[in-house]
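Put the two chains together into one complex; each comes in its own frame, and the hints tell you how they fit.
Just so you know, the protein sequences line up as chains A and B, in that order. Quick note on numbering: the first sequence equals residues 867 to 1190 in the numbering used here. Quick note on numbering: the second sequence equals residues 277 to 601 in the numbering used here.
Calculated from the structure, these hints are not laboratory results. You may find that some hints are simply not true.
Capping the alpha-carbon separation at 30 angstroms, the derived lysine-lysine pairs in DSBU-like fashion look like this [as the list claims (entries may be wrong)]:
#1 1092(A) with 1180(A)
#2 528(B) with 281(B)
#3 574(B) with 546(B)
#4 405(B) with 909(A)
#5 405(B) with 1026(A)
#6 298(B) with 574(B)
Note that the structure is a prediction, hence the values are computed from the model and not measured.
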Amino acid sequence: MREVTIRDALREALREEMQRDNTVFLLGEDIGRYWGGAFGVTKGLAEEFGDERVRDTPISESAIIGVGVGAAITGMRSVAEIMFGDLSALAMDQICNQAAKIRYMFGGQASVPLVVRTPFGAGVNIASHHSQSLEAWFMHTPGLYVAVPSTSYDAKGLLKTAIRGNDPVLFVEHKLLYAVNGLIPEEDYTVPFGAADIKREGSDVSIVATLYMVHKALTAAEQLSKEGISTEVIDPRTLVPLDKQTIVKSVKKTGRLVVVSEDCKTAGVSAEITAIVAEEALDYLDAPIRRIAEPDTPIPFSPALEKFVIPNEKSIAKAVKEIV
Amino acid sequence: MENAKLLEMCRQMLTIRFFEEKIFELYGQNLVPGTIHLYAGEEAVAVGVCANLRKDDYITSTHRGHGHCIAKGARLDKTMAEILGKKTGYCKGKGGSMHIADFNMGMLGATAVVGAGIPIAAGAGLSIKLRGTDQVVACFFGEGASNQGTFHEGINLAGVWGLPVVFVCENNLYAMGTRQSRVMLIEDIADRASAYGIQGVAVDGNDVLAVYEAARMAVERARRGGGPTLIECKTYRQKGHSRFDPATYRPKEEVGEWLKKDPIARFQTKLFEMGVLTEAEAQKMVQEAKRAVDEATKFAMESPFPEPVEALEDVYANEESAAIK
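Isolated chain B, as found in the complex (with noise of 0.2 angstroms):
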């Protein structure tokens, strides 16, 4: 891989989580309305997958999906803006953090319900096969979701199909507060992938090069009309389930045992170690990144909320003819 993609990845990390650590601290000012769900400790997932992708691939996301938009190349500005309920945001206010969409980046949207963004992945892999160009489809998802319905179901048809899609689970091991052991009597999910008869993989999901290869080979495949591929990457969220979740089921020495696996320091050693990046050099990508975090913060804070009335507006496509009611 070249050096600039490598650096270009570690950038997108540390803005990720100085993203996540931002929303964290605003939260605590009730300045986030509702509740949020922070991707920090989980972003080797994204980053490692969405480096495999081009503009005109298509990702579906989850409840947990700021990290997703953001490496797909989503703006921090709107994406902030839309967290704060404000009528600068992706969705202008309708959708908050559980739903942000950039359909101009390929984000199909983040959906809340768990699992029902594999089937909507699959369709956008049918569209892809049927309109004959050579676009991918990565669809995350967490392991709880591997329990819904839904990822039988989209998994089955998108194997039968030959969809290009990468089905990607981020297992982080809890499902809120259930252990993956009290609901799963396996260990990899990966390897339900052989029930579709389709190709499954395990990767360490705090590795973000052993993430990128992995998708490298699945987004490869799909493109090249190889059909879908399951990877299952094992992370772990640093934070709770929501911002008032303390966790406490989760044992202290495995949260200790997980943050001494921090994607980003591993990746930012390495890089060290590779020669790609310098201390000097990576203060200086902290700064850069954590500037541009407060940049949109200061644009989602200084921005409008939207007037109560348009809460009638975007039902449907022609107003109009809605209006009849």
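Looking at chain A on its own, in the form it has when it is part of the complex (with noise of 0.2 angstroms):
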């Protein structure tokens, strides 16, 4: 094993695979050898694997998307870069209409073998155009993927099924945990959509979270265990598919539940999880169920405006302490 931040990791996704098919290709707004993507994924690769396979686009999201799809129902693996997700709303119809519905609509006839990898997340004081988390639109396309890693490990293990998968995915990075460092093996490895990670086991209470909540959610977990409280920490890696056994299985055993993420709370990525398991673990509960999100606002600029509506570990301890 070695350490490497998810930033790297993402990027031997990349190049392995760019190696390993000469069908996969890349494309993106500054994605090539003059800045290697906004946030630095893709240094390197133009310079690798030539211009003609890592393509810097117009600002063109719509195109950028298109492109992808027409590429892919025609022999080609296309990886989208979008440079923020807030911006994928340019693209909605190439990414919800097209992708997602092309096998669908054609009766099974194409594969859109389309990775969409774009930055969600707050935090870093760009306000309400670059900070989104949009993950439930998405969630709500049949005929879509939606991963969201939260390690180096499951960056890169993802990444790389999505890539050799055939159908479009919709893959979440969190700009926060770019230059986070993790684990990974030296060698090649995939880390399958739809099977959850327990981060952490515990016993009194499961908390499920996503990107960079699952980080905040095992600090807050560190903290809540030097009170006695023991947490189970459960990162989904993908909302589409989602491992509701998984979920369903800790809420059964620890009989509480605390649903954190960075989005919207109404009709969010927290509402779905915890619709699931009033459905279908609704008997084990000893206690109300409570979702950390943001509240139902655009991101703010300000320093002391966007740190009050982004979920913190403060938040999430005082909510499971509410419930055990």
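Listed below in structure tokens is the structure:
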């Protein structure tokens, strides 16, 4: 095992898949040799694989995804980068009406091996158009997969699964996680979709969290353990497909659930997970479910305001203590 | 052009016309679910363009796409079955009139979102370039689509990357009920090509030989690596936008003028003049085309509807992994 950042883990996955399969190519704004992506994920890949396979595009999000779709249905494996997740709104038709529906509406004739990599998440003071967490938009679109890695290991393994698969994937990267270190093995590996990972085992309460919130939940769990509360932290790793079994099994064991997600609370990630547990494990609950999410506001700019809306370790610990 | 090819183009145009007339008739009998957008009157465009394409070339299509399918070589029976929502249709009844695809024939599918096929066609063009083949893509869309952002983004990208795509604008003057002059200050969509630094040409879209010639040059350019072309075909839909649109927004005189320019009648006259076709042969061709449509209709009518539970299939490649949900 060796320690790498999530940024480097993602780049390794891209490099290894491009070496493994010459139909894999990348496209996006400033992902090439001059910049290597706004967050540096593709740095060095244009030099290694050439400008044809690592393509800088105009600022045309709809065309970036549409071109990715067209290439994917004609024999290529497209990996598109949308510089900030918020800008996926510009490509919603191509992602949700085209990529996600092509297999189905054409009766299974076509596959769409397209990965849309994009960073979500707040916390770096770049306000309402560069900070959102929009996972729920895409969870609501049948035909798409949604991957949400929180560690270097998961990021590399899930991205490989995404690239090798035959369906479109919205691959979420959290911008505060790029520089976070984690261990990965030397050898080739993948992480399957639909398999949650228990990041910490516990017996008193289950926390389901994704992306950066996994790390905050683990910090909260560590603090809670000092107070005698044993917390289980579950990272779904993919929201579509969602590993309901692992979540429900954990709730049946602990009898308590806190769901932590960085997106807006209304009709969000936490709403879906809560609903599943209410449907499938209500009788096992010893306390009400608690949801920690962002309030239903756009992401504000000022650090004083932004900090207020993002869930944190304290709010997670507080919610746990309310129901234990 | 060889006589056989001219006759084949004529036969295809007749087939499309009779196919559309049959659907119009079936719709009236309540046998076609949903809505339909007929291609009658625009046959010269699909046929003139596709006559330049090989089987392994691609096309993208629109909500008004039956003609594109037939011209690219799709089977009439599976097309008709799809329109009737049958299990034997191209998309097993999941797509319908607005979403027919035949990937075996390079027909990459019809999208019902106006303009959405333009970047997808560019993507197929990029795929060709990256794979190093000499295929080309023909991308069909209407003049209404040229006001979408996808037109700008897709054609700009195809131009700057030199992709082998022929963008075919079927200008039938009306986007639903909105006349072109109400939403654009220009008359020729082809003029927009200059904004992307590519060739643009406007042709009489009811003259199949004019369309053929423009497409021939564009396809040759694309195939030899010369990049995309925008061809505007001036045409007219003989029916309303969809089945129940009486199209009262179109002046009677205008409709009458365009009916006089019917692309099939004009082409037949031309073929008579050229001595390629006789009246007797034309009659025979009509009967054969009608018979082909009738056989396809019989197949579609006799085909079963899908089992309801099939609605749950084809969402993902690996249904098992999706089922974890």
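Please name the hints from earlier in the document that this structure breaks, with their numbers sorted from lowest to highest. 2 and 3
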